[in-house]
Amino acid sequence: MNIDNKDNNINSNPHVGDLLPGYLDSSLPAADLAAVRAHLDTCDACRADYADLQATRTMLQQVPVILTPRSFVITEEMAARVRKPSLLERIFTPRFAPTFASGSVVAFLLLIFLFATSNGSAPVNAPQATTAFSAHAAESSTPSDQARIAPNADTQPKQPGSGVAATTAAGAEPTTLAMGAAPNNGAAPAPATPDTLAGTSAQSPPEATPSADHITSTGAGVQPPASGLANEPGMTTYSGNYTATPPASGTSILELGLLALGIALAAAAIIARRRV
Amino acid sequence: MPEVWQDFTKPEEEARRIDAARNGDLAAFNWLVLQHQTRVYNLCLRMLSDPDEAADATQEAFLSAYKAMSRFKGEGFRTWMLRIATNACLDILRSKKRRPTQSLDSWGQSSDNEDASDPLPIPDLDPSVSPEGSALRAETLAAIQQGLDTLPVDQRTALVLVDVQGLSYDETASITGANLGTIKSRVNRARARMRDYLRERDILPTSGSSSGELSAHTQR
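Taken in sequence, the protein lines are chains A and B.
In terms of this note's numbering, the first sequence opens at residue 962 and continues consecutively.
In terms of this note's numbering, the second sequence opens at residue -8 and continues consecutively.
For the record, the hints were derived by calculation from the structure and aren't laboratory data.
Every value quoted in this text rests on a predicted model; they were computed, and no experiment measured them.
Glycine included, each C-beta is placed from N, C-alpha and C at the ideal position.
Keep in mind that the hints are not guaranteed to be accurate.
What the hints assert, rightly or not - Where chain A lies over chain B, by a calculated footprint (3+ residues, C-beta under 8 Å): (1) 22 to 28; (2) 46 to 52.
Claimed, not checked - So the derived label-pair ranges between C-beta atoms look like this: (3) A:1015 - B:161: 21 to 27 Å; (4) A:999 - B:16: 28 to 34 Å; (5) A:1050 - B:70: 41 to 47 Å; (6) B:62 - A:1078: 54 to 60 Å.
With these hints in hand, go ahead and build the complete structure from the sequences.
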């Protein structure tokens, strides 16, 4: 037993001051508890010590609860200050709303510009368009059509494929072909898009150019760029279609992308503006 | 243990709010604040002995808790909250120790209080605002607070948590990060020192009659 014997002989007057706190909360080993209890029965000083220790603990337990001077709830402002916002929250802030709005306007302006330029760029696209036309016409024209379009061409009705007819015509009258190509390009209507260009030009040139010479010259006029394939009419036909199509789908993707971007930025601007 | 600290909240209700708060629900977190702010504030008040500093520490503790809420693991919210509050108090005490100010001169020391009848201008210790029904007189409360202030910080923390707040040794160990034996030792030493402090000021029942003799036995 760890008796406090600092000031006293352990046998005559072993005070238990050091053990009293442990005795108070019964955390001493059983043997020590019994020894302290026995000592307290005989020692007034230690009993008074123990009484004071008990009184001290009681006082501490009786310390009153103080009501809070104010509420400590976290306000939205405090929360915003403390909490690290997520990436989306940092992006969608009112600060960026004007940027999103401007971006949206720019996207739509670009879209309009794209429409405008694709309309106005018909002359630039004309060769391709004509190629498309000739290719399309070559594929879709029936012998009777060709007969109607080119009544003066003796050999045409006998040719099932107009690509062959064009080649034949080109081979037949090389000088006329070169001359006929230029007016046709100049007179080509300006379709809105290459897509419609290919579709409409397949029909309109025949109406605008009743001359069979002109028709054949148109077909032949586009031949020179594909002259390497001139010996294979079928190949010429497909290459013509192929060169006309990519710009058409590329532009629509760009336009659709711009449209989506413009809408998305407008939505972002609205969302950002609503966040406080 | 004061009645106001008894937990009337259903554990499942608190668990629900904790889940919501962890997901960023500010209202749910503030529900937790309202549940625990009295205990947190009183801990800070006993630790810091200054109502304004206690309020600051309490607010700081709840802000820190809100900030760290997503990292809160399944342990008891009260334990976690009191740990944050204790750390907030220790931070303030450390900063005061580093930068002694005029307020520190009167903090926990009676050397310059000879001319002051009420050395600690603490509202809760002032007789005019002393809670009704308290078994302790205002002078006793003031002496207790002064006694707490004289204790080493680790002993004060343990004593306030165990005796004033009525927490178990286990929870106090969790809050402070010390082991159970250390906490018991700190509480025992703190109680003995508090007894001596109060006895010297004639606060305890046996004071006056044989305080000198008793002190001789209990000085360590």
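A quick look at each hint next to the structure:
Under the rule that three or more residues need a Cβ within less than 8 Å of chain A, the assignment of the region 22 to 28 of chain B holds, with 3 such residues. For a cut-off of 8 Å, the count of residues in the region 46 to 52 of chain B with a CB near a CB of chain A stands at 3, and the three-residue condition holds. Taken as a hint, the range 21 to 27 Å holds for the pair residue 1015 (chain A) and residue 161 (chain B), whose Cβ atoms sit roughly 23 Å apart. Checking the proposed 28 to 34 Å range against residue 999 (chain A) and residue 16 (chain B) shows it is violated: the Cβ atoms sit about 59 Å from each other.
Under the hint 41 to 47 Å, the C-beta atoms of residue 1050 (chain A) and residue 70 (chain B), about 31 Å apart, miss the expected range. At roughly 55 Å, the beta-carbon separation of residue 62 (chain B) and residue 1078 (chain A) lies within the given 54 to 60 Å, and the hint holds.
In terms of the numbered hints stated before, the structure departs from hints 4 and 5, listed from lowest to highest.
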